[in-house]
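Asker: Required output: the full structure, derived from the provided sequences and hints.
Going down the list, the protein sequences come from chains A and B.
So in UniProt numbering, spot 41 of the first sequence is number 41, and the numbers just go up one at a time.
So in UniProt numbering, spot 162 of the second sequence is number 162, and the numbers just go up one at a time.
Just so you know, these hints were derived from the structure itself, not from any lab.
Please note that a few of the clues may not be correct.
The list treats identical chains as interchangeable, and a pair is accepted whether it falls inside one copy or across any two copies.
Straight-line distance between alpha carbons at most 30 Å, and here's what the computed DSS-like set of lysine-lysine pairs gives [as the list claims (entries may be wrong)]:
(1) Lys119 x Lys102
(2) Lys139 x Lys178
(3) Lys105 x Lys94
(4) Lys105 x Lys119
Protein chains: 2
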Amino acid sequence: MKLTILGCYAATPRSFTNPTSQVLEIGNHLFLIDCGEGTQVQLRRNKIKFSKINHIFISHLHGDHFYGLVGLISTFMLLNRQNDLHVYGPKGIKEVILLQLKLSKSWTNYPLYFHELTKKTPEVIFDDERVSIETIPLKHRVYTNGFLFREKPGDRKLLINKAKEYKIDVALYKSLKKGKDVIAEDGKLISNALVTADPPEPKSYAYCSDTIYDPGITSQIKGVTALYHESTFLESESHLAEPTQHSTAKQAARIALEAGVGRLILGHYSTRYDTIDFFKKEAESIFSASELADDGLEIILD
Amino acid sequence: MKLTILGCYAATPRSFTNPTSQVLEIGNHLFLIDCGEGTQVQLRRNKIKFSKINHIFISHLHGDHFYGLVGLISTFMLLNRQNDLHVYGPKGIKEVILLQLKLSKSWTNYPLYFHELTKKTPEVIFDDERVSIETIPLKHRVYTNGFLFREKPGDRKLLINKAKEYKIDVALYKSLKKGKDVIAEDGKLISNALVTADPPEPKSYAYCSDTIYDPGITSQIKGVTALYHESTFLESESHLAEPTQHSTAKQAARIALEAGVGRLILGHYSTRYDTIDFFKKEAESIFSASELADDGLEIILD
Numbered sequence: 001m002k003l004t005i006l007g008c009y010a011a012t013p014r015s016f017t018n019p020t021s022q023v024l025e026i027g028n029h030l031f032l033i034d035c036g037e038g039t040q041v042q043l044r045r046n047k048i049k050f051s052k053i054n055h056i057f058i059s060h061l062h063g064d065h066f067y068g069l070v071g072l073i074s075t076f077m078l079l080n081r082q083n084d085l086h087v088y089g090p091k092g093i094k095e096v097i098l099l100q101l102k103l104s105k106s107w108t109n110y111p112l113y114f115h116e117l118t119k120k121t122p123e124v125i126f127d128d129e130r131v132s133i134e135t136i137p138l139k140h141r142v143y144t145n146g147f148l149f150r151e152k153p154g155d156r157k158l159l160i161n162k163a164k165e166y167k168i169d170v171a172l173y174k175s176l177k178k179g180k181d182v183i184a185e186d187g188k189l190i191s192n193a194l195v196t197a198d199p200p201e202p203k204s205y206a207y208c209s210d211t212i213y214d215p216g217i218t219s220q221i222k223g224v225t226a227l228y229h230e231s232t233f234l235e236s237e238s239h240l241a242e243p244t245q246h247s248t249a250k251q252a253a254r255i256a257l258e259a260g261v262g263r264l265i266l267g268h269y270s271t272r273y274d275t276i277d278f279f280k281k282e283a284e285s286i287f288s289a290s291e292l293a294d295d296g297l298e299i300i301l302d
Numbered sequence: 001m002k003l004t005i006l007g008c009y010a011a012t013p014r015s016f017t018n019p020t021s022q023v024l025e026i027g028n029h030l031f032l033i034d035c036g037e038g039t040q041v042q043l044r045r046n047k048i049k050f051s052k053i054n055h056i057f058i059s060h061l062h063g064d065h066f067y068g069l070v071g072l073i074s075t076f077m078l079l080n081r082q083n084d085l086h087v088y089g090p091k092g093i094k095e096v097i098l099l100q101l102k103l104s105k106s107w108t109n110y111p112l113y114f115h116e117l118t119k120k121t122p123e124v125i126f127d128d129e130r131v132s133i134e135t136i137p138l139k140h141r142v143y144t145n146g147f148l149f150r151e152k153p154g155d156r157k158l159l160i161n162k163a164k165e166y167k168i169d170v171a172l173y174k175s176l177k178k179g180k181d182v183i184a185e186d187g188k189l190i191s192n193a194l195v196t197a198d199p200p201e202p203k204s205y206a207y208c209s210d211t212i213y214d215p216g217i218t219s220q221i222k223g224v225t226a227l228y229h230e231s232t233f234l235e236s237e238s239h240l241a242e243p244t245q246h247s248t249a250k251q252a253a254r255i256a257l258e259a260g261v262g263r264l265i266l267g268h269y270s271t272r273y274d275t276i277d278f279f280k281k282e283a284e285s286i287f288s289a290s291e292l293a294d295d296g297l298e299i300i301l302d
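Answerer: Next up, the structure:
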């Protein structure tokens, strides 16, 4: 799993920071998570292939999380995209995108599917042989979901020398990788465990932005490899967190600690702060494996 | 008059170019013309005060000319704007902006007025003591207007030494500036022409983007100080100009020549071109006072 932060700053614009958007790479998938204004330019700058993005997940309909979506959809059209595009987001997202395409007398030349979300409990919204994705209902000023990405266990790792030693036909290697016992060339039954090893531990990533501090989410995200949790404010501005339904760095760290996650990635910093160093310090006082997202940063989740 | 080019490239995004937006400064007015995605960041980078923008003119509802508008309107809200904001643009612009504000449960805390345009003939849409603004109906794939900004003649220039020589009371200087004759302290009638000079010639600016080559506009923009005319293509791609209803640099120059404008500013370059130098060369072969817009460029129109 590789996470690329395209933007991780809160709403008001600055010359050189970007609103929220991330790309999560799992195998051949490139999942785009949120799409603030300017995301398409950030994709270009980070040399991410537009044509490989087939699934876009929008947490909520505040502008700094989705005003870049219509531009990206339009650009896909100009680039003669052929692949299906799936957009997952709150109810209303379809109407607003289609209205803008209609006003510009534009229609996509590729199939565009909207998966509008309305549930207030977790639901699986994507599932294939490699990954499953479910919503994490969050508490914010508007209907909001985080997203939980779980890799599925891969094939068992074939111990090639062992397989040769036990004289197993090459045609059976695929069965071995799938965990099956096989019959060797000499007729003996070979137990799978003798010739394979466990696959790498599946990784998981929880994206939680925007949200008020809500310990109710910890059971769902328990033990994930990495948690991105918004930290719009520092504790010194905690009086602003509750009315705006955002979190502080300390609160994000508490969630990480309670959920026992592998690591915490902070982001969605208010642009009132000139430096983001204090977010890390504040979170580390609660949860040591805390780190800072920043625009353009690539993070390997292992 | 000062023109600041925030963005002057056509639709598809690149790492370091911007879609269409310009700021025209006339006296105390800052008029924003078009508002492609990322305009608010370009305003920041060019150190233009958000609070001084009270009038926004949208030529047409293609994304590269207005996808940045909703973000700017939202940001004005976050910055606690108080002043009225007036948006002039094609019918439909109000619906799409208000739908997005509704979905994000946001309302502006400042008065927001939409002036929706539907006419296919020129109309005056703004007029005060300093400037008048009228639409320039253009031919493009969707309903489109250019905008013609005309300064009004300023006060006459007081020749202060002459006024003293003729012993004119200071209280009468205002009348002199307004072109009136006055009575001097010694009772003599002083003809205005003796103590004032003509004010600077009023400037005018015609913004024409996007449009097919249309000589029909030349009578309306005759003799303007400066014409910004789109030149999406070079003549080598003229076969693309007609179906997409855009112009070539040569066609823009023909319009400038036929209209007898002071200078021609080219822009809205297709991102297919690696360099824009050829646009200038091509236009200059027809109209020598041709120049290139570029992102971040400030142009004094005098």
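Asker: If a hint holds in the structure, say so; if it doesn't, say that too.
Answerer: Cross-check of the supplied hints:
no.: 1; hint: Lys119 x Lys102; in the structure: both (28 Å within a copy, 20 Å between copies)
no.: 2; hint: Lys139 x Lys178; in the structure: neither (41 Å within a copy, 63 Å between copies)
no.: 3; hint: Lys105 x Lys94; in the structure: both (16 Å within a copy, 17 Å between copies)
no.: 4; hint: Lys105 x Lys119; in the structure: between (33 Å within a copy, 19 Å between copies)
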